[in-house]
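A.B. asks: The chain contents come next:
Protein chains: 2
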Amino acid sequence: MITHECFTSDPWCIRECGLDLEVLAQTESIFALSNGHIGLRGNLDEGEPVGIPGTYLNGFYELRPLPYAEGGYGYPESGQALINVTNGKLLRLLVDDEPFDIRYGTLHNHERVLDLRAGTLQREVEWESPAGQRVKVSSTRLVSFTQRAVAAISFEVEAVGAAARVVVQSELVANEPLAAPTGDPRVAEALRSPLVAEDDAARDPGRVVLVHHTAGSGLRMAAAMDHLVEAPQKVDVSAETSPDIGRVTVTTVLAPGERLRIVKFLAYGWSGVRSRQALRDQVAAALTAASYTGWEGLIEEQRAYLDAFWDDALIEVEGDPTVEQAARFALFQMLQASARAERRAIPAKGLTGQGYDGHAFWDSETFVLPVLIYTAPEVAAHELRWRHSTLPIARQRARALGLAGAAFPWRTIAGAECSGYWPAGTAAFHINADIAAAVLWYMEATEDEAFMREAGLELLVETARLWRSLGHHDRTGQFRISGVTGPDEYSALQNNNVYTNLMAQQNLSAAADAVQHHEAEAQALGVDQEEAASWRDAARDMFIPYDPELGVHPQADGYTTLEVWDFEATRPDQYPLFLHFPYFDLYRKQVLKQADLVLAMQLRGDAFTFEEKQRNFAYYEPLTVRDSSLSAATQGVLAAEVGQLDLAYDYLRETALLDLGDLHDNTRNGLHLAALAGVWSLLVAGCGGMRCQQGQIGFAPRVPPGLVRLAFRVRFRGRQLQVEVTSGEARYELRSGPPLDLLHHGQRFTLSERTPMVLAIPPLPPMVRPSQPKGREPLHVRPGPEGTSYPS
Amino acid sequence: MITHECFTSDPWCIRECGLDLEVLAQTESIFALSNGHIGLRGNLDEGEPVGIPGTYLNGFYELRPLPYAEGGYGYPESGQALINVTNGKLLRLLVDDEPFDIRYGTLHNHERVLDLRAGTLQREVEWESPAGQRVKVSSTRLVSFTQRAVAAISFEVEAVGAAARVVVQSELVANEPLAAPTGDPRVAEALRSPLVAEDDAARDPGRVVLVHHTAGSGLRMAAAMDHLVEAPQKVDVSAETSPDIGRVTVTTVLAPGERLRIVKFLAYGWSGVRSRQALRDQVAAALTAASYTGWEGLIEEQRAYLDAFWDDALIEVEGDPTVEQAARFALFQMLQASARAERRAIPAKGLTGQGYDGHAFWDSETFVLPVLIYTAPEVAAHELRWRHSTLPIARQRARALGLAGAAFPWRTIAGAECSGYWPAGTAAFHINADIAAAVLWYMEATEDEAFMREAGLELLVETARLWRSLGHHDRTGQFRISGVTGPDEYSALQNNNVYTNLMAQQNLSAAADAVQHHEAEAQALGVDQEEAASWRDAARDMFIPYDPELGVHPQADGYTTLEVWDFEATRPDQYPLFLHFPYFDLYRKQVLKQADLVLAMQLRGDAFTFEEKQRNFAYYEPLTVRDSSLSAATQGVLAAEVGQLDLAYDYLRETALLDLGDLHDNTRNGLHLAALAGVWSLLVAGCGGMRCQQGQIGFAPRVPPGLVRLAFRVRFRGRQLQVEVTSGEARYELRSGPPLDLLHHGQRFTLSERTPMVLAIPPLPPMVRPSQPKGREPLHVRPGPEGTSYPS
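Residue numbers (numbering that gives the first Met the number 0), protein chains in the order written: chain A, 0 to 791; chain B, 0 to 791.
There may be inaccurate statements among the hints.
To be verified - The calculated label-pair distances, taken between Cβ atoms and stated as ranges, are:
id	chain 1	residue 1	chain 2	residue 2	range
1	A	Gly-550	B	Gln-477	47 to 57 Å
2	A	Gly-550	B	Arg-342	27 to 37 Å
3	B	Gln-477	A	Gly-217	49 to 59 Å
4	A	Glu-197	B	Ala-178	32 to 42 Å
5	A	Gly-550	B	Leu-524	37 to 47 Å
6	B	Pro-176	A	Gly-217	27 to 37 Å
7	B	Phe-566	A	Asp-540	22 to 32 Å
8	B	Ala-523	A	Tyr-574	37 to 47 Å
9	A	Asp-540	B	Arg-716	57 to 67 Å
To be clear, the hints were calculated from the coordinates, so they are not data collected in a lab. The C-beta atom is built at its ideal place from N, Cα and C for all residues, glycine as well.
Please work from the sequences and hints to get the whole structure.
C.D. replies: Below, the structure is given as structure tokens:
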């Protein structure tokens, strides 16, 4: 947990004053920069001390063996693991022969600032060497949103008090040593030095390129750097390379108050097909373009890109600066993870760490895309087109499993199933309906018919085919889906998981509808009327279990007859439960890792009455331990919907601080993108009550007691819409685009540009707050007395 | 499949004329000799050619890592694997400097005979070397039932036609090279050369000892040999050793018709605690005792031991010599696997191969023990005392799983769980009730109160405690057991598996009863009246699902609502299904690998009406593919019970030929002990209709149309009972012991010594034969025209 009080609640920055080596790895994740293609962890310029070094290229992976004590048919034999590629962040500094290392000498000042509007990470250091020479070091780092292959660093050294001889070694280093990622020696071996050197070349006065490939996955990458050096006195610049190291050395002497400035341009590229020469030239060209733009140009482009984003994605949270800051941080990190991914995945941790081997899960479609669809829909489309590009692999996987259509992987980098535990991997078929749902949401929000014709329809059709073959009609005519795992990972291989069945039902109906509207394209996919009719049949007959005695939906067949977990006997140090109890025990009892039926009520709200939602929420709340970071936001959204505003606010704060406060104690391995998305969801879908069903967008806003005012903007069908909520009323403004029909707490109205509407919010009846399992209440991270707000 | 027609249907022998190298490995399993402590595969004396070399000591294992692609709490990190120990079978022969190797020169005759009454494997060979020298080689091998640590070989060479110089190298060889057992290099590494040399010593004129230990499991073993040499002319005998090889070389010249005879005595011992010196002396003493007894003495003891066994275990099957031979082979192999195991396990493959890593499963208690209990009850008691000796490990395992009592391992050598796939390992909790059931059966058949006090009671108590903590009362007061795997391995993690619940119910009741009858001993185990009452409660409230619409018992909750496997679309080459379809797909459909509910009807027949048995049998028969060798016998027993005698006979022949015909294509890795037990069960419990409930033994005999007469003997409460059945009547004879109440087709009568009873068998109404899945009918291996009977 990050317990120091050094992040200030700046509305547009994450500012760290001082440096706590205990949480260095966590801050490396929080200060990571990325554009969705290149990811740089917030490692210190000088390389050491380091938590976890990290430089990533989206989609660039090595294969690792997946071993099994007892194998089985269809088990994947190898997985894909994101690897740490050539590190171009390094700028080692020597001051009068002493290495600049904050573990030695005296650190007079250390500040880092992640600027959410500038898109930069700045650092200011004042340091005194063990020999007494004082220097100011400052750096600004960016990964360009506008030039996809480019990152850049402006690095300055100033001598303080006395003249100093200064040497800066700017490096590219491949195969940095990492701590072994697992206990399995074969896996460690495969990932220890994943890059095989192919080419290294230096061209004075400061341009170096390294080309490597991976041995197992057969991917090739190139990294290159170039430098601009400004020095007040004579300066020497030399370059040298060896297979895994490129080094440009800058040597000068600084009088007191004088500064050496180095701008380092970095370019990265990778390919599974392009030749060594082609890649080398590609990064050289990117470098040239970056130099042409120049440092100031890159900075300006970056800010312009972000200005446009923030104009669409504005979010204001009056009354809780921590939540406001967290919401903006979350949006920024989601953009970083996706902006230029361009038909690559959005991994669960973005490009901020190697957690989960860099894999993408359902997190992308179910948690991250709903945010991007309403704030940066072009980016959302890229992700769905990436899924579409993996259809051939998903079809193969379906065939291997004896199914029709396409079976998307539970976890992957490039499309192949990488899950080594099928009950919580392959069996989690809901991911297919989750992808289809994201297609629907995207289409409802954008009406992007080109996307539908080129990718969306085929995704809907192939997933519908999967469901049709996965389920069957029983002897009473009900359509059942057996032996699958729903969202809650403390259950597995259930029959008729309500979430799965409802999402599959939506998938089947939507595919049938889409086929009707795109007859020619559907024919090209081999869909005839009979097939579409069979989807409608299955959707209509879908079995949704219900426990009439309790008046609640069981998570799946028989769930409410299972023994309830003994929460009283569970000690706080036994959470997360899966690290302290066998799956055997978790699966057979009523205990939820994360929202399952409650998520179904969010995503398929149309399938439940309000009273069912209230009863179901009250039933599952005391059973859900939130060992998954995905859960709090969903529980919060439903809490808001059923009128539990205070509880919703508690979940909002827990979600907001998940990474900034390292509440799950694993932020070091990368940020939790889905949980970050949850901050926005809790504000917009929770407090804002935003829902979109069959193209009808609506809001049911209510500000929880802890907040004064909430404002947010969404993009919808070519419009920009702003919603502002206070305790008594909501103000709707259409900032651009044609008039739009909206719902406000179920009441329909039409909104036009330049005529905002202010509508009263109906009061809530008093109600009893449901309880959570003992010790698993939302974390009480309410604002502290001095505006600082991190748990202590 | 063994398709050659070279095994003849000798009533008391398995005789092989000729040698088919294609099935060499299979015959090594079939011709294996063992006494339950030492196991020698039927490898050729000269060592090569060889299918799989094998010398085993019961309980002597090495650890192997159990790797997981994704680990989980409570997963075992290492398994135990039976290893191939020092090979003492080797007698290499050189004839005029040419090695005796049947792959070279000319083989004029080759015959091997496993004699089921003598307990020996004899071999007669007439061979002509490439240079034209002809020799007769004969050997007789035994593993002594009476001297547990001893095996012996009598080896003779006779020169034919011309004089021959003959050299025999009699060896002990440790760490013989084996084919890699798995694709996992770490596992292969751990098991490649498992024995670490500690001591090797030779003492002329032919005594050698080797001592080794294992690196991981820390077990120590010693192997020693001594020789008697009889030669007509001058003979040289010399001995030499190196760490992994002991060699005694015998050199002589034979005139035509002259014979060299070598008797090789072998002694084996192992221990986890005894010192090198102690073990070395232990095997030396065993050797000395064997020499003292002499070859003829060992042969006589062996036959006397087996005469006594066959007197108790007589079985005669008129009308089908193949089945008769197979039944005796089966009994012999079960005796070999268990006779001198003495508080070690009875592995699933006995000591005939390394299949399943040499592990014991529920096979021992559920399939093998019922045979031993009625034919060699002293041996059965040893097995149960072995289980009892592992209670401390089973208690630990229960604690690790969060349960009370003891959780016995799904697969093990020394008691620790070695299953690396928990849904079909740890979750198969029924093994605990299976062990308890074996305790009950043993007690009903023997009334062995000393066993009950010393071991049986504690086994019942600790397993009852497990069930009590594993299940729970639901809100309607029913006792439910969720998330467990029953016998059928094509289902997993079911709720209220009928087999499991019925066996647990019996376990709980029996434990409560036993506590009542052994108050003092129960107190010592900490059981009070309240605890026993809670077991009775759970047993009384046990939930047994039933599908009233279909009138059948679902295998588990909801089973009859699952999709039925598409048998029509399944090709013959796709069996066994688990090698061609994912578990995901198998688990979620109605398809059984092996009898589950049908086994419940055999073992808990009291819980079903006759009509329920008929309906259930008819329901499950078309769903059961018998991909497990355990299934045919159970299906056959129930077929006989419900009156499907023709089908029972078909299953009898399939079971009888499972190993002798290599029907599952894996006999090379060892015999299927449970299937062998099934031959006896099908004859005695199936055709004989033998059942024992609450101490009441009864029979409902019926000879299937293919047989003329069936006779068998069983031991029961100090009596020897013989039952003879023909098509119309059954004859009961009490050969020794006090009068006994018996049931004949439900009719009670009293049998006394010297007054046999002949009773008529009620006729069967005609009925419709149920079908099996397409292509999975019982194998039609009816007798061929010339008395040969193996499938072709």
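A.B. asks: Each hint should be assessed against the structure and marked as holding or not.
C.D. replies: For each hint, the structure was consulted:
1. A/Gly-550 - B/Gln-477: 47 to 57 Å: violated (20 Å)
2. A/Gly-550 - B/Arg-342: 27 to 37 Å: violated (56 Å)
3. B/Gln-477 - A/Gly-217: 49 to 59 Å: For B/Gln-477 and A/Gly-217 the Cβ distance comes to about 58 Å; the hint holds.
4. A/Glu-197 - B/Ala-178: 32 to 42 Å: holds (39 Å)
5. A/Gly-550 - B/Leu-524: 37 to 47 Å: holds (45 Å)
6. B/Pro-176 - A/Gly-217: 27 to 37 Å: holds (35 Å)
7. B/Phe-566 - A/Asp-540: 22 to 32 Å: Distance hint for B/Phe-566, A/Asp-540 holds at roughly 24 Å.
8. B/Ala-523 - A/Tyr-574: 37 to 47 Å: holds (38 Å)
9. A/Asp-540 - B/Arg-716: 57 to 67 Å: Cβ of A/Asp-540 to Cβ of B/Arg-716: about 59 Å, so the range 57 to 67 Å holds.
Hints 1, 2 from the list above are not met by this structure, while the remaining hints are.
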